[in-house]
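So the mapping is simple: our numbering equals the position in the sequence shown, first residue as 1, plus 10.
It should be emphasised that the hints constitute simulated quantities derived from the structure, not laboratory data.
Some hints here could point you the wrong way.
Said to hold, decoys possible - Label-pair distances were calculated between CB atoms; the ranges are:
1) 740 x 576: 19 to 27 Å
2) 848 x 772: 45 to 53 Å
3) 475 x 577: 50 to 58 Å
4) 398 x 213: 40 to 48 Å
5) 384 x 424: 52 to 60 Å
6) 852 x 620: 49 to 57 Å
7) 76 x 853: 49 to 57 Å
To be verified - Below, a list of computed lysine to aspartate or glutamate pairs in the DMTMM-like style, where the Cα atoms sit at most 25 Å apart:
8) 442 x 407
9) 512 x 666
10) 698 x 808
11) 698 x 602
12) 314 x 287
13) 659 x 618
14) 698 x 739
15) 492 x 446
16) 144 x 310
17) 583 x 671
18) 235 x 182
19) 850 x 808
20) 150 x 339
21) 751 x 618
22) 142 x 335
23) 492 x 437
24) 812 x 791
25) 751 x 630
26) 142 x 310
Even for Gly, the Cβ is constructed at its ideal location relative to N, Cα and C.
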Amino acid sequence: MKKSVEIFRSQILKSFSLALLAVLISFSIQAQSLSDIQSVKVDNLSDAQIENLIKRAESNGLTTNQLVALARERGMPATEAAKLQQRIQQLQTQAQSPNSGNLSSGREMGFQQVDVFDSLRRSDPYYDLTPKQKKIFGYKLFHNRNLDFSPSLNLPTPQSYVVGSGDQLLIDVYGASQQSFDVQVTPEGRVFVPNVGPVQVGGATIEAATVRIKAALSRIYSGLKGANPNTFLQIRLGNIRSIKVSMVGELTKPGTYTLPSFATVFNALYAAGGPNENGAFRKIQVYRGSKLISQVDIYEFLSKGDQSANINLQDNDVIIVPAVEGRAEVIGPVNREGLFEVKSGESLKDLFLYTGGFSSLAYRDRVTIRRIEDNQRKIIDVPSSDFGSFYPQVGDEILIGEALDRYSNRVQVSGSVMRPGEFSIEEGLTIKGLIEKAEGLRPEAFTNRVTLYRTSEDLTLAAITVELSEILEGRAEDIPLKNEDLLFIPSRYEIQEEYYVKISGEVSFPGTYPFANSMTVGDLILRAGGLLESASNSSIEVARRVRDASSRQIAEISTLSIGSDLEITEEEKQLPLQPFDHVFIRRSPGFEREQIMTVRGEVKFPGEFVISSANERISDVIERAGGLNEFAYPQGANLIRRTVYYKGKTEEEIREETLQEIFERLNPETNRNLNEAELILFERVQQKLKEIEYNRTRISSNLSSDPSTILMDTLSIDPELNKSRFQQEDMVGIDLEKILKNPGSEEDLILMEGDILQIPKQLQTVRMVGEVLLPTTTRFESGRNLKYYISKAGGFTENARKSKSYVVYANGDAAQTKGFLGIKKYPKLLPGAEIVVPGKPERERMNAAAWIGIASSLATLGILIERLIQ
Numbered sequence: 011m012k013k014s015v016e017i018f019r020s021q022i023l024k025s026f027s028l029a030l031l032a033v034l035i036s037f038s039i040q041a042q043s044l045s046d047i048q049s050v051k052v053d054n055l056s057d058a059q060i061e062n063l064i065k066r067a068e069s070n071g072l073t074t075n076q077l078v079a080l081a082r083e084r085g086m087p088a089t090e091a092a093k094l095q096q097r098i099q100q101l102q103t104q105a106q107s108p109n110s111g112n113l114s115s116g117r118e119m120g121f122q123q124v125d126v127f128d129s130l131r132r133s134d135p136y137y138d139l140t141p142k143q144k145k146i147f148g149y150k151l152f153h154n155r156n157l158d159f160s161p162s163l164n165l166p167t168p169q170s171y172v173v174g175s176g177d178q179l180l181i182d183v184y185g186a187s188q189q190s191f192d193v194q195v196t197p198e199g200r201v202f203v204p205n206v207g208p209v210q211v212g213g214a215t216i217e218a219a220t221v222r223i224k225a226a227l228s229r230i231y232s233g234l235k236g237a238n239p240n241t242f243l244q245i246r247l248g249n250i251r252s253i254k255v256s257m258v259g260e261l262t263k264p265g266t267y268t269l270p271s272f273a274t275v276f277n278a279l280y281a282a283g284g285p286n287e288n289g290a291f292r293k294i295q296v297y298r299g300s301k302l303i304s305q306v307d308i309y310e311f312l313s314k315g316d317q318s319a320n321i322n323l324q325d326n327d328v329i330i331v332p333a334v335e336g337r338a339e340v341i342g343p344v345n346r347e348g349l350f351e352v353k354s355g356e357s358l359k360d361l362f363l364y365t366g367g368f369s370s371l372a373y374r375d376r377v378t379i380r381r382i383e384d385n386q387r388k389i390i391d392v393p394s395s396d397f398g399s400f401y402p403q404v405g406d407e408i409l410i411g412e413a414l415d416r417y418s419n420r421v422q423v424s425g426s427v428m429r430p431g432e433f434s435i436e437e438g439l440t441i442k443g444l445i446e447k448a449e450g451l452r453p454e455a456f457t458n459r460v461t462l463y464r465t466s467e468d469l470t471l472a473a474i475t476v477e478l479s480e481i482l483e484g485r486a487e488d489i490p491l492k493n494e495d496l497l498f499i500p501s502r503y504e505i506q507e508e509y510y511v512k513i514s515g516e517v518s519f520p521g522t523y524p525f526a527n528s529m530t531v532g533d534l535i536l537r538a539g540g541l542l543e544s545a546s547n548s549s550i551e552v553a554r555r556v557r558d559a560s561s562r563q564i565a566e567i568s569t570l571s572i573g574s575d576l577e578i579t580e581e582e583k584q585l586p587l588q589p590f591d592h593v594f595i596r597r598s599p600g601f602e603r604e605q606i607m608t609v610r611g612e613v614k615f616p617g618e619f620v621i622s623s624a625n626e627r628i629s630d631v632i633e634r635a636g637g638l639n640e641f642a643y644p645q646g647a648n649l650i651r652r653t654v655y656y657k658g659k660t661e662e663e664i665r666e667e668t669l670q671e672i673f674e675r676l677n678p679e680t681n682r683n684l685n686e687a688e689l690i691l692f693e694r695v696q697q698k699l700k701e702i703e704y705n706r707t708r709i710s711s712n713l714s715s716d717p718s719t720i721l722m723d724t725l726s727i728d729p730e731l732n733k734s735r736f737q738q739e740d741m742v743g744i745d746l747e748k749i750l751k752n753p754g755s756e757e758d759l760i761l762m763e764g765d766i767l768q769i770p771k772q773l774q775t776v777r778m779v780g781e782v783l784l785p786t787t788t789r790f791e792s793g794r795n796l797k798y799y800i801s802k803a804g805g806f807t808e809n810a811r812k813s814k815s816y817v818v819y820a821n822g823d824a825a826q827t828k829g830f831l832g833i834k835k836y837p838k839l840l841p842g843a844e845i846v847v848p849g850k851p852e853r854e855r856m857n858a859a860a861w862i863g864i865a866s867s868l869a870t871l872g873i874l875i876e877r878l879i880q
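All chains should be built: construct the whole structure from the sequences, respecting the hints.
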């Protein structure tokens, strides 16, 4: 099977390599008149040809990398193969650009996909041209799909039009006499006019034909004669004839073309695809009756709009496009780069007319000419004064340089001025004058020390320190500026650390806030959204940085009180905040948020209960719930308590939840009409929710980049480990009967927030799980032991670890099987109990190598003992 697949694959590669060879050779013949794949020039392949090659590769199941490798294997030079790879990547990148979408070609998943090159074709009217063809000036004229040279037929009949065989003439007689004639020119060049006979019009213009037909019709319409006629004649063209024009020479599609008789030379050239790469654009010849009647220069039309040589064609005209004598290439910042056909007697100035002139970045004083002369290359420098007298030659490369990226009269100012930027330097301009040009300093400007950066003649940079305040006040001499000077005026805020203060604890929005002069603790509390209900206003700490390096004190701690209504006190005034102070708002000692526990099951009033005191116990809440009812089973009662891993709601989350409930109650979109006070409250709540959301987003973004968070995520990968180690709730075994008999005893646990006390109904079953043949639940029978219930489950399995069997009681307690000298003591069974039979641990059997290792160790030990005995 594998061998047949390899044979099939080799056949595919062989067939595709032949197809590749045929395609590249055809491209080579078409573009370069060569028939060897080794001579293929990728630069002369159009985008359409590259696309065709890619599609052939895809149809044969090959990737673009395999295509390039195959071309290299078949003899394509490494440089051309690299160019082919680059062209393919460029096409694919353009086709998959954001403007065209990420499309694919061919069929995928059974659906016809959009052609990957479709948008590229539609966006580029010259998609079918090679890079060289795009560079030839004038070549695009006849390959622009958005340009149509078809002759317009909706024109008034030109008087110079030459009538020929097949034309339809519409003759209108009007005035004193009225008549219309619809006649057609016969192959002999005549028209037959009723009641008049044949009239010779072939080869005559419309103007001459009108005179002849008028003379013939005047025999029956006398009103056409005389100096004051009362009858008039008009001739119009109806259906015009077709003419045949022969297109020969260096054309894209030479041949004989049938065109309307209105067609011009440009119409014929467009039909034939225009001159090809080797065709001349400036010496297109039109022959009529073996005589040269016109020579067309397309450059005159492209540069000046001159169509004087674009004559109307006649039947059997011949248009010849000779081979181009030579082109010169213009490279650099001109409006139109490319290859330009040169004629003898044309100067460099004339050539620049076809380029559209220099661009704004061009260096116009001199151009460089690369020329091949005497079988070697040479460089010619042409100054601008010689542009009109220098004549380019065939093969010249005309290089246009760029203007230097330097300024001859520029100074700059940056930093704390009203209008920083560039300014022209004038005679005698100084630092003070430059600041006046920039409309003065900003209020935060630091004038004690500014820097003047100066560029020396060797382009090295020097920094000059300037006391600007001294210059502005006239106490120091002003400094004249030079070209390319840069004056930097810093802001006092840029040269100092940003001042801030922090607040933590029982405020609405703890965090960092900008420092302001004369700010007090109360001002910062207001900025942080005010005190929470849990806040203590009697012991507020302010931690201040110690700036004395000699002392070993880390921070200065100050304590103050503030009014409950945030009224300003003298104590607060005496302790204004300084930059980097940290204010701590402590929780009030007497504040406790309500704590809720739940009682479920067989009590008179089950539900949620608020823990009333710090030492409230189970017996107390049972009493508050009305006591047990007649169906309760106290032996099965249990307590569910949160562990240290419980992720309850934080105080911030509880506060947000409360605000969200108020928001929903006051939302005008969903509730009744609100009074003014309720609307104001709604707006306040809405604003606070937005601030909470902003703070949460900021904090979460910080945590996501915290390495410790990533570490915790890594440690928490194993879900089974999390389930056993980090479970949020545990069942606590209790003896409710003892608790109710002895309230306040050790059995009577103190309640905590989130506790759930469950008191079931009378239980009557026992459950068997684990390594038993039939895990099941059976009816409880008083006095029966564990083995009896195991027999109800079909007995132990072979993998059962009988000695480790244990019982889990309904209240959450557990008891294990005990044994002494082979005598097992099974735990007592109660209603609602669960018997768990664990399995034996898996043991890995030792292989032969392990046994050999043990035997070797024993043998070594034996030899050692023997030697010790001797």
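Now the hints, each set against the structure:
Look at residue 740 against residue 576: about 45 Å separates their beta carbons, and that is not inside 19 to 27 Å. Hint check: residue 848 to residue 772, Cβ distance near 30 Å, so the stated range 45 to 53 Å is violated. The hinted range of 50 to 58 Å is satisfied by residue 475 and residue 577, whose Cβ atoms lie roughly 52 Å apart. Evaluation of the 40 to 48 Å hint for residue 398 and residue 213 yields a pass: the beta carbon distance comes to about 47 Å.
Checking the proposed 52 to 60 Å range against residue 384 and residue 424 shows it holds: the Cβ atoms sit about 56 Å from each other. Between residue 852 and residue 620 the beta carbons are some 51 Å apart, a value that agrees with the proposed interval 49 to 57 Å. In this structure, residue 76 and residue 853 meet the distance hint of 49 to 57 Å, their C-beta atoms being roughly 54 Å apart. Of the pairs offered as hints, the one joining residue 442 and residue 407 is violated, with about 51 Å between alpha carbons and a cut-off of 25 Å exceeded.
Distance hint between residue 512 and residue 666 is fulfilled; the C-alpha atoms sit about 22 Å from each other, no more than 25 Å. Taken as a hint, the residue 698 and residue 808 pair is broken in the structure, with Cα atoms around 65 Å apart against an allowance of 25 Å. For the hint linking residue 698 to residue 602, the alpha-carbon distance of about 23 Å falls within 25 Å, and the restraint holds. As the CA atoms of residue 314 and residue 287 are separated by approximately 23 Å, the hinted pair is consistent with the 25 Å bound.
This hinted pair checks out: residue 659 and residue 618 have alpha carbons roughly 18 Å apart, not beyond 25 Å. Between residue 698 and residue 739 the alpha-carbon distance is near 33 Å, which puts this suggested pair outside the 25 Å criterion. Of the pairs offered as hints, the one joining residue 492 and residue 446 holds, with about 17 Å between alpha carbons and a cut-off of 25 Å not exceeded. Proposed proximity of residue 144 and residue 310 is supported: the alpha carbons are some 19 Å apart, at most 25 Å.
Restraint check for residue 583 and residue 671: not satisfied, since their Cα atoms lie roughly 39 Å apart, outside the 25 Å limit. At most 25 Å may separate the alpha-carbon atoms for a hinted pair to count; residue 235 and residue 182 meet this at roughly 16 Å. The suggested pairing of residue 850 with residue 808 holds, with an alpha-carbon distance near 9 Å, which does not exceed 25 Å. With a CA separation close to 16 Å, the supplied pair residue 150 and residue 339 stays within the 25 Å bound.
Between residue 751 and residue 618 the alpha-carbon distance is near 24 Å, which keeps this suggested pair within the 25 Å criterion. Using a Cα cut-off of 25 Å, the hinted pair residue 142 and residue 335 holds, with the two alpha carbons roughly 17 Å apart. Proposed proximity of residue 492 and residue 437 is supported: the alpha carbons are some 10 Å apart, at most 25 Å. Between residue 812 and residue 791, the direct Cα distance comes to roughly 22 Å. Compliance with the 25 Å bound is thereby established for this hinted pair.
A distance of roughly 12 Å separates the Cα atoms of residue 751 and residue 630; the hinted pair therefore holds under the 25 Å criterion. The suggested pairing of residue 142 with residue 310 holds, with an alpha-carbon distance near 22 Å, which does not exceed 25 Å.
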